[in-house]
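Enquirer: Chain by chain, the residues run as shown.
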Amino acid sequence: MYWKYCLRRIIYGLAIFILLIFIFSALFNTTMENTLRSQIEEEIRTETIKLDTRMTPEELTRYVAERRAFKQDLYHLGKPLWNRIVWRAINVLSLDFGKATIMRSSSGEADVWIIIAECIPRTVLLFTTAIFINIILGLWLGLKKAQRAGGLMDKTTSIGTMIVYGMPSWWLGMLVIMFFAYTIKIFPSGGLHSIPPSTGLAYYTDLLYHMTLPVLTLVFIGFWGSAFLIRNIVLSILQEDYIMAARTRGIPERKVLYGHAMRTAAPPIVTMALLSLLASVGGNIIFEGIFSWPGLGNLYWIAIEQNDIPVLMGNLFITTALYIGGLVILDLIYGFLDPRIKMGGKQQ
Amino acid sequence: MKWIDIKAGFWDFWNEFKRVRFGLFGLILLFIFIFVVLINSYIVPFPEASSRWRDITYWEDNPVSAPPVWVNWFSSTRRAPSLILREHTFLEEKMGKIKLTRAVFEYEYPYDLPPLDVIFHGYAKGSPVIMLSMERPDGQIVELVRRPISKSDGKTIRVSIAKDTRIESYHFGAKYEKPESNRIEREMVKPTSILFSEAKEGILIHPTPLKGSYKIIAEIILSSENDVVEDVYLSLSGSVSGWLGTDNSKRDIWSGMIAGVKWALLIGLLTAFTAVSIGVIYGVMSAYLGGWKDSLMQRIFELFISVPLLPVLIVMSAIFKPNIWIMILMMSCFFWVGPVKTVRSMGLQIKEETYIEAARAFGASSSRIIFKHIIPLLIPYSFASMALYVPSAIVYEASISLLGLGDSTIVTWGQILHDALTGGAVINGLWWWVIPPGLFIALMGMTFAFIGFAMDKILHPKLRTR
Amino acid sequence: MADTNNILKVEKLKINFLTRKGKVYAVDDISFSLKKGETIGLVGESGCGKTTTVLGLMKMVPTPGEIISGRILIDGKDIIPLSENEMREKVRWVKISMVFQGAMNCLTPVYTIGKQMMETIQEHKEMAYSQAKKKMINYLNLVGLPEDIIRRYPHELSGGMKQRVVIATALFLEPDMVICDEPTTALDVVVQAQIINLIKRLKKKLGLSVIFITHDLATEAEVADRLLVMYAGKLVEVGKNEQVYGKGGPIHPYTEKLLKATPRLHEKVEELSFIPGTPPDLVDPPSGCRFHPRCSEVMERCKKDEPPLIKVEPEHWIACWRSYHE
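Residue numbers (our numbering), protein chains in the order written: chain A, 2 to 349; chain B, 35 to 500; chain C, 3 to 328.
Some clues are possibly wrong.
What the hints assert, rightly or not - Label-pair distances were calculated between CB atoms; the ranges are: (1) B:F396 / A:V87: 17 to 25 Å; (2) B:D146 / A:T157: 38 to 46 Å; (3) A:R38 / B:S85: 52 to 60 Å; (4) C:R303 / B:F396: 49 to 57 Å; (5) B:F44 / C:K92: 52 to 60 Å; (6) A:I11 / B:A395: 42 to 50 Å; (7) C:Q124 / A:T157: 35 to 43 Å; (8) B:A395 / C:E317: 47 to 55 Å; (9) C:L261 / B:F396: 33 to 41 Å.
As the list claims (entries may be wrong) - Okay, derived cross-link-like pairs now, DSS-like style, lysine-lysine, Cα gap no bigger than 27 Å in a straight line: (10) C:K137 / A:K256; (11) A:K256 / C:K97; (12) A:K156 / B:K159; (13) C:K207 / C:K127; (14) B:K355 / B:K375; (15) B:K385 / B:K491; (16) C:K305 / C:K25; (17) A:K156 / C:K23.
None of these hints come from the bench; they were simulated from the model. Glycine residues also receive a C-beta, built at the ideal position from the N, C-alpha and C atoms.
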């Protein structure tokens, strides 16, 4: 039963992803093609410079035209519109994003996929760490709030939630950098690690050192919200009949709260945690930029500044893939945790 | 649902809402914001900030990257603030055909750091000649500049002491310095730091401020009948300026902030309203119509919800460079998915109510049932949703603007932050440029959060604890 | 002094709720007793205080409610001064257990039936896993459920099956008395009959003492020996079933109306009779007899003085001035 659910969900996610890729390919077709054309011209020009200069002007022109036709054919530029879109979409699905115009990876590669691929783990590292700490703090505070619902602590922390609700994480980041990195210089102002990077254990401590400010900022903005949501989830469960029934049966409060209540709260809480993580997949473009954290978000920023369309597009595709993938995983985990879905329907 | 029912509903809701203190607080803040938009022109020194944000002539007289005036309250060095002097004594002398007018401006200078510039403004017709000089508290009179105006039928004149009196100020100061120290480059001197300092040794290198009453004298020679100079005033470009200082393009940040309020409100409310309206109607329709229509609508919904919104918006803005209205449209096109799931489940519940069945038995059409019976029940939820979407919309627009992709014809807080970033505000510690825009965004977010959460609290009495 | 016959004696119990609108006198001065092996039926309209009373017996009154005064004697000992821990370890489920109404939602959805039942046993008795499991299966069979129910989750069971699980869970620690709070209300008629038959059988087999709450007099007549009628937080009639249901005997006007409101299958019914008005607001109850605004036989005295329970026959009390003879 669960496997059927899983399979269905995964296929579904794939279908949506493919559909979106086609839509994006169509939407951004013109721009991408313009870039392609200029890239082709660049390539031809480089080629002709390296050529033997014994050719006559007519031969040269013919050669250039030949090369151009060849390359345009290679990129399907002469074919009808739908053909181009489909061809590009298929390329994307096989992770061929073309070459970057200006940007290069840390190893000097121009292949867009390589540029993007090395950014993925950095983003994942930063945001997973932050969400993890966020959830733990949120659970601790949220449970406390639920147990003493309506009390002073509950009310004041709820106000805290509302105060940071509209606060952009990147703005707080700017302030934090201004204060902790420039005014009192105790933390680095950004980047993944110092230059030159240390080795061995020092590499990891250096990494942690650089991660501190961004993670702290993210946690500060985030944990109020998680605490509030967890408090609401737990509170609404605590008012359910089965909780009272368990207490009446003589189950000690500790087991009622951490067993019955929390286990029932697990699916929505996990959903909430994963959704926050997903929101960070693309939503923190500016945040990474402010901290010069070389992840996917920062890549967008640089690609925009340098007007490197292939990188921008590739990044968009990957972000969408990660996002949809995350949504699918979320549904799978939810289904696993909630026996109503895992086990299926009624038995007669 | 009759109008009376709706009114009664609102009244009940309002009574409940009144009880939630932070909700009221949010509402008060909202009214303050709206009020600010209405009295915009009266509370800022540069009322046309919004339309002339990128017009450098509008901001010409301001200092570059100056801190706010109230920094003076916290520091031991008092800096001269920006000021506009209009009052002057006016004397006219006639010598045959030539008229000599004299405008004397009095300036009190009790500060430690002088203004960065003193600029004379006027409106001239014909070809008058303007001579500026300064009478210092120590009695010395320094002749600053003699500017003939080219013939015209009428134009504005602007004489900047910082720009045009380097030579004169230098010579004035050099009188008090030993010949050896005259190695100071003439081009490096700041005229105002010489003119406003004590006339003694060291005036060119580390001057001591000369505090007291200064007179700035503008003598205008009108040699013919057609020569006229009117509307004269002095503007002093201070070391501190305005309620929130200036940015590196000399723009008064306070004016920019206030100009941004209306855009923030507009963007937020319009997006939230459009998106929630679409979402609620969509959700109810999906629930009510049921069957294959419901499934289809849910599939479409799932497609939209699989899109990582901000990256897509950013890429679209980068490539298509939309204006603010298109941006609002784009945001609404994605925000609408938010309420759908909840609204649909509420709709499914309401659908089962007997009065709906009764309405159907009476022959009411689907749209009538949806709009007259189901949707009014969802209005409180809609408002709570809308309130909670406003901050998101504002932050999204700010994010897009921050990357430089926003609509450059308007002033939004995000744009100001973009300028701050590219202008090196963070690195140079220009806190008055970095803090206010984000602070205002956070404040407005907080306002709507208070209102939205308060509404949410009323709608979920289950979570009541008393 | 141990009261050997009465396993439960409630004396002048008062339970109030403190709400924003004021104090709600939910249970106002209730006294009754339960003999060993006896079943008493507690009837009344929704909101009259039945559930609150029995929750009070287990000291599980939800906030903002609390027991104001009175005594609840179980086996001769007052349980009101007992601490939470003592209640949990010695009283709840050990001496007195409860079958909940609306078995819909009283089982935790994320735990299997087996886990929930096992948890209950192991909290109260030191028992080896296999022994506990045997006991569980024993009682499940007793209520007519197969052993593999243990591995199921609540949502996989039908309403009737869940109700049986709840009954089994209430019984397997062999408490002295069981409270059944409208166990059949949420079920369809066929299943209702099955459950009621089950309860009757178990009563006989295990010699249970039961407090059976219902708003349906027909059910009460089937299951119980004695009848307690509550109205607006007060006990208005106490008596044996035959005494109350038998035609011609003394009866409280409210009970009379309740009886009349239940249409008989055999009689011709011209008009369905009903009780006019609505149950009173317990924040500000009517003066004197709480039923007087809706009573068809109201007298002047009823509006001023609250009638106590007046003995009209042996073991039959009615709180009505009409039954008062100088």
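Enquirer: Tell me the hint numbers this structure goes against, listed in increasing order.
Expert: 1, 3, 12, 14
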